[in-house]
Amino acid sequence: MDRYTVVRALKRGDIFTRLSAVVMGLGLAGHRQIVKGIFVMLCEAAFILYMIRTGAERLMALPGLGDSAQEKVWNEAKQVYEYTQGDNSQQILLFGVVTVFVVLAFIVLWVLQMRHSYKLQRTLEEKGKVPTLIEDVKGLFDGNLHITLMTLPCLGILVFNVVPLTYMISMAFTQYSKEGDHLRLFDWNGLTQFFRVLNMQGNIGRQFWHVLSWTVVWAIFATFLNYILGMVLALLINRKETKGKAFWRFCFVLSIAVPQFVSLMVMNIMLQPNGAVNVLLRNLGVIAPSVSLPFWTDVMWARVTIIVINLWVGIPYTMLQVTGILQNIPGELYEAAKLDGAGPVKIFFSITLPYMLFVTTPYLIASFVGNINNFNIIYLLSGGGPTFVGDTAGQTDLLVTWLYKLTIDQQYYNLGAVIGILTFVIMTTVTLITYRRSVSYKNEEAFM
Amino acid sequence: MMADKDKTLIKKMDAGLAASEEGTGRSAGGQKRGQVSFRKSAVNVLVHVLLGVLAVVWLLPIVWIVLTSFRAEPGAYTGTFLPQGYTLGNYVKLFTDRNVINFPKMFMNTLIIAVFCCMISTFFVLSVSYSLSRMRFKLRKPYMNLAMVLGLFPGFMTMVAQYFILKSMGLSEGSAVRIGLIVVYSACTGLGFQIAKGHLDTIPRSIDEAAMIDGATQWQIFTKITIPLSRPIIIYTVMTSFIAPWIDFIFAKVLCRANSDQWTVAIGLWNMLQKEYIYRWYTCFAAGAVVISIPIAVLFLYMQKFYVEGVNGAVKG
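Chains A and B, in that order, give the protein sequences. Using this note's numbering, the first residue of the first sequence is number 1, and each one after it goes up by one. Using this note's numbering, the first residue of the second sequence is number 1, and each one after it goes up by one.
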């Protein structure tokens with residue numbers, strides 16, 4: 001590809017190649033690829049038409065995000081107040097972002113067709129012929145099959161992941177929020193919201209650090225407790241002496257087969273003040289008939305309950321995940337340890353755990369990231385509560401659930417976007433640091 | 001996003017199942033019945049008791065929900081742990097009472113969405129993973145890196161924007177919501193190629209090369225050789241993408257809002273637990289949960305059989 005750069009195409013291209021910098025597709029049509037040339041020309045025409053009709057206007061509106069507010073105007077003829085349309089900044093921003101992507105796509109197309117024109121010109125000069133349309137189409141099902149296969153999936157990702165992400169990220173730098181009545185008309189706001197979130201003195205900042213610290217505590221507990229206890233369970237079931245291994249395994253696997261949102265909602269109901277668990281404890285005489293354990297109403301209780309329920313959800317997964325790897329630990333290691341007189345606990349901490357940590361670091365990182373983003377368990381169990389008066393975040397809210405509340409429930413879109421970006425930054429950092437420090441990255445040789 | 005989360009969980013679990021099965025075979029073979037000291041048998045009893053207690057803890061919520069689905073008394077909270085009377089009425093009501101919460105309609109909605117979703121997702125996942133596994137092109141590495149970076153953003157960040165985009169496309173009102181949900185569930189599945197690619201990587205390239213020498217094009221290799229050889233991973237992809245719409249409720253909730261004609265099963269079940277419905281619908285919720293869980297559990301147990309082959313292949317490769 002290096003032979004066919006845009007610069008060379010402009011310098012050494014013939015008349016068709018050079019002209020295609022202005023009239024796209026001319027270089028293709030002029031070098032005997034007429035259908036492709038016409039197609040590219042049509043693309044250019046469509047782009048120009050789009051830019052003239054709406055695109056340019058949308059791009060121009062992007063720096064200002066609209067300025068005419070919705071107003072009441074007295075209609076003399078009808079004798080009523082009417083609302084003027086006004087500018088909708090959110091739409092201006094969305095269409096602006098989309099237009100930016102359209103322009104980018106156009107630039108890519110321009111570069112590609114310049115290079116291709118030059119390449120065709122050279123091929124024509126050297127060989128006297130260029131691939132026909134039929135040959136090109138055949139190539140799309142052979143050497144260029146990846147283009148055929150990947151176009152649609154990539155388009156899907158672009159439209160429903162990259163564009164939305166860009167849009168949300170750009171939202172973080174605006175005033176888009178119900179505060180100060182900026183839901184319809186808002187402006188760029190620079191880094192104000194970032195400072196606000198990171199500022200420990202302010203109300204939002206205080207909540208942010210609070211939520212962040214609980215998120216980290218939660219992720220550490222959820223990841224490592226699940227990991228270690230799941231491993232212990234796997235070891236217990238797979239002991240030589242344990243009878244009915246398949247039966248035990250089935251008992252635990254059954255809890256995974258039930259859809260998670262169902263089992264979590266059931267747990268939520270069971271642990272309500274008058275839910276099944278309190279009723280059971282009352283009937284058994286463990287607590288007095290008028291007492292109920294404050295599973296969701298007390299901060300500490302709620303946090304512990306969530307971690308414990310997460311154990312219920314997570315341990316079977318870990319068990320299944322690690323069983324196979326546990327079998328692969330070299331038997332000689334255990335034999336040697338036993339000869340040295342090490343007990344089961346000592347063996348677990350000095351052989352099993354280090355070996356497992358070595359092999360499963362990527363799994364641990366993945367589950368840590370998964371726990372930071374564990375929306376279901378918080379949203380369905382505690383709903384983030386209990387919440388202090390005046391706060392937007394509850395005591396058990398994670399960054400993701402807070403993000404959800406801020407955007408969907410409370411319409412603080414800009415704050416939500418800032419939280420999302422910060423979550424991404426945190427996760428990237430954690431992933432990179434742990435991955436680089438992990439033994440399996442530094443030393444890809446075997447354990448020991 | 002929820003769907004993705006659940007998918008990865010299912011994937012993890014399947015990998016574990018595959019491995020654990022292997023483990024059982026080995027340890028069962030290695031069982032030796034030697035002399036067991038008193039201390040050892042005491043430990044043994046202790047372990048079995050512990051496992052028994054744990055098993056009860058793990059099964060209790062499931063047993064409870066099944067019992068509740070047959071409970072005759074209405075309401076979420078009753079004074080007794082076990083139901084006082086049993087009835088099939090909850091199941092009957094679930095499928096016949098169409099006035100407030102129209103469960104049969106939700107079931108059909110979800111079924112339609114799931115069928116389309118599963119066709120599109122399977123095509124996307126297979127296409128992407130075949131391209132990444134078998135073809136070499138300039139954007140291959142950048143694509144894989146991009147997929148990793150995009151995966152680190154919280155899924156909700158895109159949700160609001162996706163809603164606005166669907167709205168501007170006119171896919172957020174009336175029956176177009178269904179198309180919107182299909183699009184959202186399947187559009188980004190090209191990012192979840194890792195497991196399928198891992199499987200395709202294990203099919204020996206020499207098969208491709210032999211076919212190429214015989215004059216086969218890449219398309220022919222893809223359709224006539226790779227796809228038939230990847231039956232386990234295809235079934236796995238089909239099933240995970242089929243299950244996704246049944247268990248996602250966050251996006252469905254955002255997109256459907258109050259438009260109850262378009263609700264999926266998950267939103268329906270979720271709504272049954274809201275204040276205004278919970279008293280009359282709680283036992284029906286339990287029935288619905290059982291109805292949904294049984295096929296998913298069966299699919300899941302069935303799926304793992306195929307996935308075992310996939311993972312075993314990956315290990316051998």
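By construction, these hints were calculated from the structure, which means they are not laboratory data. Any given hint could turn out to be false.
Far from chain B, by Cβ distances over 12 Å, these chain A residues were calculated [stated by the list, open to error]: (1) Q70; (2) S170; (3) G190; (4) R239; (5) K243; (6) P386.
With a cut-off of at most 25 Å between alpha-carbon atoms, the simulated DSS-like pairs for lysine-lysine come out as follows [claimed, not checked]: (7) A/K243 - B/K40; (8) B/K253 - B/K167; (9) A/K405 - A/K240; (10) B/K253 - A/K405; (11) A/K405 - B/K224; (12) A/K405 - B/K275; (13) B/K40 - A/K245; (14) A/K346 - B/K40; (15) B/K253 - A/K36; (16) A/K178 - A/K11; (17) A/K178 - B/K40; (18) B/K138 - A/K138; (19) B/K40 - A/K338; (20) B/K224 - A/K138; (21) B/K40 - A/K240; (22) B/K141 - B/K197; (23) A/K119 - B/K167; (24) B/K141 - A/K178.
We treat Cβ as the ideally placed atom computed from N, Cα and C, and that holds for glycine.
Run through the hints listed earlier and report the numbers of any the structure violates, in increasing order. Result: hints 2, 4, 5, 9, 11, 15, 16, 17, 23, 24 break, sorted rising.
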